[in-house]
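Trainee: What follows is the residue order along each chain.
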Amino acid sequence: MDGLRVGGYRRGVGHRLDTRLVGWRRTLRVMTERFVTRGFVGRPRPDGEGTAGDARSRTPPGQYLTTDFPVLSAGPTPRTPLDRWSFFIEGLVREPMTWTWDEFTALPARDWTVDISCVTKWTKLDMRWRGVSVDTLFEAVELLPTAAFAIASSDGGYTTNLPISDILNGQAFVAWEYDGKPLAPEHGGPARLVVPGRYFWKSAKWVRGIRLLDRDVPGFWEGLGYHNRGDQWLEERYSGD
Amino acid sequence: MADDTTVDPVEGQVLDGNAVGGLLATAFGAEMTEVPGECAHCGTVSMVGELRAYVRAPGTVLRCPACSGVVLRVVETPNATLIDVRGAAYLRFERR
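Residue numbers (our numbering), protein chains in the order written: chain U, 354 to 594; chain V, 691 to 786.
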């Protein structure tokens with residue numbers, strides 16, 4: 354793939370998790386309850402919901418709150434007709450899969466209400482999406498024990514990389530609805546990867562598939578100065594700064 | 691498709707390469723907007739100022755007006771400016 358380079362990931366907690374995830378299907382259910390990322394999915398907020406203090410505590414450092422949905426784009430908006438759209442999972446899996454639009458949107462879906470933070474410093478709370486968990490997609494293909502990293506690719510050539518420990522256990526989904534309506538093309542429709550626990554550049558618009566690898570390959574922005582992991586609670590904006 | 695008739699907010703945000711002329715001049719140490727470059731994807735030669743600039747993004751992406759391929763990418767971090775030139779087969783600087 355044009356412009357991709359190997360290397361550059363940081364050995365840290367994520368890497369140790371990857372090693373432990375060799376038998377990930379077995380441990381998935383156990384870990385689901387333990388891996389709750391702050392500011393994440395649909396967790397109950399019995400007290401303080403909607404209050405100023407609650408909004409502050411849910412805003413990562415260096416971010417400001419917004420109520421609109423800014424459109425950021427690195428290129429022209431792709432418009433793939435749904436009858437020519439498909440979604441693949443390939444690489445280090447037992448059975449590579451390709452779903453048509455109808456097959457994909459018939460997968461078990463759920464509603465997700467998540468807070469989103471963009472590296473350009475806006476944060477938007479309680480964004481409502483509908484889509485399928487990455488866990489469900491991975492169950493269909495069965496990851497090989499060597500699968501440790503994922504690279505998502507999109508119409509228009511965009512890519513982003515994630516260790517699988519960042520997208521398993523309910524941490525990521527592929528959405529085709531936003532706020533009760535089909536996801537608009539400028540926001541990544543027909544389908545967008547959403548990874549609420551990372552800066553929004555990791556939530557690839559117009560996503561068409563995920564490749565599983567045994568090594569980390571920086572994506573479009575990760576390969577040009579942006580942080581490899583992009584945890585907004587740690588302000589992981591840039592690499593080497 | 692109904693979407694084809696709606697206004698694409700992204701298109702309204704697209705500038706040309708002159709919009710990042712100052713940034714490029716600082717990074718390259720030369721005025722860049724009238725520098726011709728060849729798109730590595732389709733071979734079209736455009737001046738840097740003629741490239742289509744997507745600036746509402748984590749970095750600036752300069753694309754070929756003919757094929758939309760990425761010619762230059764610019765990211766400013768707090769301490770550095772990174773420029774990816776892989777999409778340019780060459781940039782031509784006149785000696786004067």
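These are computed hints drawn from the structure, not numbers from a lab. It is possible that part of the hints are untrue.
[To be verified] Computed list of chain U residues with no C-beta within reach of chain V, every gap over 12 Å:
no. : residue
1   : L418
2   : L460
3   : R483
4   : G510
5   : S592
[As the list claims (entries may be wrong)] Covered by chain V, per the in silico footprint, the following chain U stretches (three or more residues, Cβ under 8 Å):
no. : stretch
6   : 428 to 434
7   : 441 to 450
[Unchecked claim] Beta-carbon label-pair distances, calculated as ranges:
no. : chain 1 : residue 1 : chain 2 : residue 2 : range
8   : V       : A720      : U       : L418      : 39 to 47 Å
9   : U       : P414      : V       : T716      : 26 to 34 Å
10  : U       : D464      : V       : A709      : 49 to 57 Å
Computed from a predicted model, the values in this text were never measured in an experiment. Built from N, CA and C at the ideal position, the CB exists for glycine as well.
Trainee: Can you give the numbers of the hints that this structure goes against, from lowest to highest?
Mentor: When the structure is compared with the hints, numbers 4, 5, 7 and 10 turn out to be violated.
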